[in-house]
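Given next are the chains, with one letter for each unit.
There are 4 protein chains.
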Amino acid sequence: MKVMIDLCVVPLGVGVSLSPYIAACQKVLEEAGLKTALHSYGTNIEGEWDEVFAAVKRCHEVIHQMGAPRVTTTIKVGTRTDRLQSMEDKINSVKAKM
Amino acid sequence: MKVMIDLCVVPLGVGVSLSPYIAACQKVLEEAGLKTALHSYGTNIEGEWDEVFAAVKRCHEVIHQMGAPRVTTTIKVGTRTDRLQSMEDKINSVKAKM
Amino acid sequence: MKVMIDLCVVPLGVGVSLSPYIAACQKVLEEAGLKTALHSYGTNIEGEWDEVFAAVKRCHEVIHQMGAPRVTTTIKVGTRTDRLQSMEDKINSVKAKM
Amino acid sequence: MKVMIDLCVVPLGVGVSLSPYIAACQKVLEEAGLKTALHSYGTNIEGEWDEVFAAVKRCHEVIHQMGAPRVTTTIKVGTRTDRLQSMEDKINSVKAKM
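Residue numbers (this note's numbering), protein chains in the order written: chain A, 1 to 98; chain B, 99 to 196; chain C, 197 to 294; chain D, 295 to 392.
Each hint should be verified, as a subset may be incorrect.
[Stated by the list, open to error] Pair by pair, the computed Cβ-Cβ distance ranges are:
| no. | chain 1 | residue 1 | chain 2 | residue 2 | range |
| --- | --- | --- | --- | --- | --- |
| 1 | D | 361 | A | 23 | 31 to 37 Å |
| 2 | C | 250 | A | 35 | 36 to 42 Å |
| 3 | B | 182 | D | 360 | 24 to 30 Å |
| 4 | D | 321 | A | 83 | 21 to 27 Å |
| 5 | C | 284 | A | 58 | 38 to 44 Å |
I should point out that these hints are in silico values taken from the structure, not numbers from a laboratory. Each residue gets a CB set at the ideal place from its N, CA and C atoms; glycine is no exception.
Start from the sequences, fold in the hints, and give me the full structure.
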């Protein structure tokens, strides 16, 4: 099952500068070979369900290993059976109607 | 790794009445033996990471099997390494400060 | 316009114990006279759009006043024009199908 | 109070093609003079709290006027008092650590 998610990982108990943790997650996603697009409040990720969620789990593990005692993450998850739709398709579909 | 999540599953292309789909998800979670608490905008779930996310995947599969061509889900995911904390602990911790 | 929201406020830069901040938000919501239901990963709130979002803004202000330099919040927002539906209606609607 | 949000609006009861509704929201945001960045699972928005949330309310109103009987939206909301940080700053901050 193909999935598109939006991932926003928030480590707690490490102060206000979260970028080193987000950068570590980007590396996890890259090593997993997933297609990603970073934005200002999260990361779009596209791939097979099991691979995508294995990478999400790995992000939590890596952030804890970096010293964060607590992590709270928000994920949006989209699946569809009617047709294939890439991350670019979604953006182009909106822009075509503007 | 223990996890607490908040799951809000939204089937698209099936009209405005979503409760049959939410009820089907509740059954999936129950059959998975997970501890859950239904609220008005989602379901709190507590358990081992892999079991919890296997159930989330199963929810998407079941909703598609029920005929929904598209599903968009919002998940909040919490993990912590400093201490164990149950769903009740979190509520009691807030109430103790009120 | 009536709205039902799910509010999850996360102060950053204040360590891992967030309950004093969540308790302060509960007080803000109470003083605003809003109908609320606390759960393990947020708070369901029901009311008029403007009153509900004024209270959400007040929560951010209060948390900053308590010393948190950064706040990241996740909100789910539901509106419908087809019929009135209370927080209890939504839960009962799911339970009736189980 | 400056705010950065991520907005994901989902009309229900209108089938699976949501792009006309998302395009209408983009127009609302543009007319409000807000700085935005569309991505594959939402839109980043930056501005003053009251202006940003007035536009979010207007999005719900417009989508209902277009015929959607129900709307469910997910919003992430960030505020900080320690320093100003633009949408680009957040992305650059992560990229500098990669």
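Each hint tested on the structure:
Checked against the hint of 31 to 37 Å, the C-beta distance between residue 361 of chain D and residue 23 of chain A comes to roughly 43 Å, which is inconsistent with it. The given range of 36 to 42 Å is respected by residue 250 of chain C and residue 35 of chain A, whose C-beta atoms sit roughly 40 Å from each other. Between residue 182 of chain B and residue 360 of chain D the beta carbons are some 48 Å apart, a value that contradicts the proposed interval 24 to 30 Å. In this structure the supplied range 21 to 27 Å holds for residue 321 of chain D paired with residue 83 of chain A, their Cβ-Cβ distance being about 26 Å.
For residue 284 of chain C and residue 58 of chain A, the Cβ-Cβ distance of about 40 Å falls inside the hinted range of 38 to 44 Å, so the restraint holds.
Violated hints, in rising order: 1 and 3; the structure is consistent with all others.
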